[in-house]
Amino acid sequence: MGWLGPAEIEALRLSLRVSFWATLVTLPFGIFVAYALARWRFPGRQVLNGLVHLPLILPPVVTGYLLLLTFGIQGPLGGPLAELGIVFAFRWTGAALAAGIMAFPLMVRAIRLSIEAVDPKLEQAGATLGASRLMVFGTVTLPMILPGIIAGSILAFAKAMGEFGATITFVSNIPGQTQTLPSAVYAFLQVPAGEAAATRLVIISIVIAMSALLLSEYVGRRVAKRVAGS
Amino acid sequence: MSLSIRLQHQLSDLALDLDFDAPSGVTVLFGRSGSGKTTVVNAVAGLLRPAAGRVAVDDWVLFDTGQGIWLPPHRRRLGYIFQEGRLFPHLTVRQNLNYGRWFAPRGARRESPDRVIEMLGIGHLLDRRPAMLSGGEKQRVAIGRALLASPRLILADEPLAALDDARKAEILPYFERLRDEVSVPILYVTHSAAEVARLATSVVALQAGRVVRHGPASEVLADPSVAPAGVRAVGAVLQVRVAAHHDDGLSELEAGGERLFLPRIPHRIGDELRIRIPAQEVILSSRRPEGLSALNVLSGQVDTIRAGEGPGAIVSVRTPAGMVLARVTRRSVAALGLRQGSPCYAVIKTVALAPQDVGGRVVAP
Numbered sequence: 001m002g003w004l005g006p007a008e009i010e011a012l013r014l015s016l017r018v019s020f021w022a023t024l025v026t027l028p029f030g031i032f033v034a035y036a037l038a039r040w041r042f043p044g045r046q047v048l049n050g051l052v053h054l055p056l057i058l059p060p061v062v063t064g065y066l067l068l069l070t071f072g073i074q075g076p077l078g079g080p081l082a083e084l085g086i087v088f089a090f091r092w093t094g095a096a097l098a099a100g101i102m103a104f105p106l107m108v109r110a111i112r113l114s115i116e117a118v119d120p121k122l123e124q125a126g127a128t129l130g131a132s133r134l135m136v137f138g139t140v141t142l143p144m145i146l147p148g149i150i151a152g153s154i155l156a157f158a159k160a161m162g163e164f165g166a167t168i169t170f171v172s173n174i175p176g177q178t179q180t181l182p183s184a185v186y187a188f189l190q191v192p193a194g195e196a197a198a199t200r201l202v203i204i205s206i207v208i209a210m211s212a213l214l215l216s217e218y219v220g221r222r223v224a225k226r227v228a229g230s
Numbered sequence: 001m002s003l004s005i006r007l008q009h010q011l012s013d014l015a016l017d018l019d020f021d022a023p024s025g026v027t028v029l030f031g032r033s034g035s036g037k038t039t040v041v042n043a044v045a046g047l048l049r050p051a052a053g054r055v056a057v058d059d060w061v062l063f064d065t066g067q068g069i070w071l072p073p074h075r076r077r078l079g080y081i082f083q084e085g086r087l088f089p090h091l092t093v094r095q096n097l098n099y100g101r102w103f104a105p106r107g108a109r110r111e112s113p114d115r116v117i118e119m120l121g122i123g124h125l126l127d128r129r130p131a132m133l134s135g136g137e138k139q140r141v142a143i144g145r146a147l148l149a150s151p152r153l154i155l156a157d158e159p160l161a162a163l164d165d166a167r168k169a170e171i172l173p174y175f176e177r178l179r180d181e182v183s184v185p186i187l188y189v190t191h192s193a194a195e196v197a198r199l200a201t202s203v204v205a206l207q208a209g210r211v212v213r214h215g216p217a218s219e220v221l222a223d224p225s226v227a228p229a230g231v232r233a234v235g236a237v238l239q240v241r242v243a244a245h246h247d248d249g250l251s252e253l254e255a256g257g258e259r260l261f262l263p264r265i266p267h268r269i270g271d272e273l274r275i276r277i278p279a280q281e282v283i284l285s286s287r288r289p290e291g292l293s294a295l296n297v298l299s300g301q302v303d304t305i306r307a308g309e310g311p312g313a314i315v316s317v318r319t320p321a322g323m324v325l326a327r328v329t330r331r332s333v334a335a336l337g338l339r340q341g342s343p344c345y346a347v348i349k350t351v352a353l354a355p356q357d358v359g360g361r362v363v364a365p
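Order-wise, the sequence lines are chains D and B. The first sequence begins at 1 in the UniProt record's numbering and counts up one residue at a time. The second sequence begins at 1 in the UniProt record's numbering and counts up one residue at a time.
Wrong hints could be hidden among the right ones.
[Said to hold, decoys possible] Only some residues are given here: those of chain B computed to face chain D with a beta carbon under 8 angstroms:
1. L47
2. A104
3. A149
[Claimed, not checked] Computed footprint of chain D on chain B; a stretch qualifies when at least three of its residues, placed anywhere within it, have a C-beta under 8 angstroms from a C-beta of chain D:
4. 75 to 88
5. 92 to 103
[Claimed, not checked] Pairwise CB distance ranges (calculated):
6. B:R109 x D:A117: 35 to 43 angstroms
7. D:L54 x B:S24: 57 to 65 angstroms
8. B:E181 x D:L56: 22 to 30 angstroms
9. B:I69 x D:W40: 40 to 48 angstroms
10. B:L14 x D:A117: 24 to 32 angstroms
11. B:I69 x D:D119: 28 to 36 angstroms
12. B:L14 x D:L58: 43 to 51 angstroms
13. D:P120 x B:G341: 56 to 64 angstroms
14. D:E217 x B:A15: 50 to 58 angstroms
15. B:K349 x D:W40: 55 to 63 angstroms
16. B:S12 x D:V207: 55 to 63 angstroms
17. D:A117 x B:E272: 45 to 53 angstroms
18. B:N98 x D:E10: 47 to 55 angstroms
The hints are simulated quantities; they were obtained by calculation from the structure and are not laboratory data. Predicted, not measured: the structure shown is a model, and the values here were computed from it. Cβ coordinates follow ideal geometry from the N, Cα and C atoms, glycine included.
Kindly generate the complete structure, drawing on both the sequences and the hints.
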C-alpha cells in the first residue's frame, strides 16, 4: 500500500476495525429484535419498531449528540460503564457504538424480512417432532434465515464503514482513535493540498462499498439456493 | 394403548364440544371441511390451546384444563403427518428423517430407521432435498419422519388431500401397513369415504364441532346423514379375499361364498382386503336379473329402507357377502314392492369398483 500515506492507512485500518466490531456485536441483538418484531405480538411492539428505526430517520448529528449525552463520561450510562472500565467517549469503541447504532435498522430490516419469509408451519412441525422453541430456532429458523443474516450483516458493515455524522458528533475526529475513513476524508478536505489524499480515500470507499454489495448479493444467492434445497 | 379426547373450544364460526375414546389402530375423524377435524388434531398436538378439555394416551395426560396440565407440543411425543408434508427444505431426506430422532428421549422404544426406510421405499431418496421430490415421495418421507420420532401417538391431517389419485393410491398402502405393523394409536383426519373404508378401525363422524356417530367404518359409511359428501359418499364396506386373477383383465374376489369381479388389482391371491361399494353404483332387482352386462349379482333380503329428503332412498340389503347399500328412487322402492325382509338382488357394475376403494391386507381389529 505504498501509495497511501500513514494517516490514510491508519484511517482505513481503524474503519475496518470499527465496522467489524460494530457488525459483530450488533448481530445477536439484531437477530433477537428482528425475531421479536416478526413473530411476537406484545405491547410496545410499535414503540420498539420506532426506536429501532429512529437512527435511520433522525439527522445523524442528533443521534450522535444523544449518544454523547447518554454514553458520555457524565451520561447516565456512560458514567456507570466508565466505572467498570468501559469507556466510549472519544475512543474507537465509541465510534463502533455509533456505527453499530446507525447500522442497526438496516440489519434488523434485512433479517426481519427473511424471518417473515419462513413459514411458521415448519416451526410447528419442528415442535411436534420434539424440538423445544430454542432448538426449533437453531435447527429450522436460523438456517433458513441465513441469507438474510448475511445480507443484513454486509449491509450493516458497509453502513458502518460510511458512518460520519453520528461518529464525529459523539467521539470527534481524533487521528488513530476515532478518525475513520469518512472523517479522514473530511479532515483532508479541510487542509490545503489534502485533496489527493482525500481522493485516494474516496476511491477506497467506493471499492469497499461496491465489493460489499456484490459480495452480499453473491453469498446471499448461494446460501438461498442451498437453503431452498435445489 | 388408547387415546381419550374431551374438548370444548369456541372458534369464530364453530363451537367445538366433543368427547370420545380412540382404541389402538386407526381412528378416523370424518367430516366436512369446517366440522372441526383439524382443530381437534391441533389441540391434541398442542398447536392450539382449547378453552377446556382433557387429552390422554392411556394414563399419560397431554393436557387437562381441570388439573392445569399443559404439555408444550415438543414434549407430547407425537408423530404429526401434515397435509402439506412440511419437510424442512434446508435438510436432506436423511436429515429430515433423523430430525425427530435427535429429540426422542433416550429410553424411548425406537423404530429401526432401516426398517422404516424399507417399508416406505425411500432408500434411494436419502441424499436428496425435499425440493427434488415428487408429492408422493414427500409424503412418504413425512410419514417416515413422524414414525422415527418414536411417537406415542400418530396424527395425520388429511395426508393425502393434496395428492392426485395415482399418488393417493401410492401412499394409502403405507398407512395400511402403519395400522397393521405399528402399535401406536393413529388419529387420522379425512373427508374421503374411500380412505375411511380402507383405513378405519373406528370412525368418529363430526358435524359442526360435535360427534354425530362413532363406530366401525361399515356402520358410519352406511348413514347418509353423517357422510360428509352427503349421499354420494354412502357405501358399504365388504371384507373380501382375492380368489383368482383372470386372463381377461379381471380379478375374482370371494366374500361369504359369493363371487365378485372387478378390474385387475395388484394384490396376491389369498390376500384379505376391504372394498368399498358406493351405494350409487348398486341397482336392485326383485327377480334374479338375466341378460345383464353387470357381472356382480348378490342375492339377499332388504334390511332397512331409509328415505332421504329428495326423491332418493338408501336400501340396505343383507347378503352372504355382507351388507350392501343401494341408492335408488323412492318410486322404484314402491314399484318393486320392497319392504323389510323382501328378497332382492343387488347388481354391481364391475367397473364401478374403483382401485382406490380396494384396500390392502387387513388384520382384523
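Handout entry: Hint check, failures only
Key = Hints 8, 9 contradicted; others consistent.
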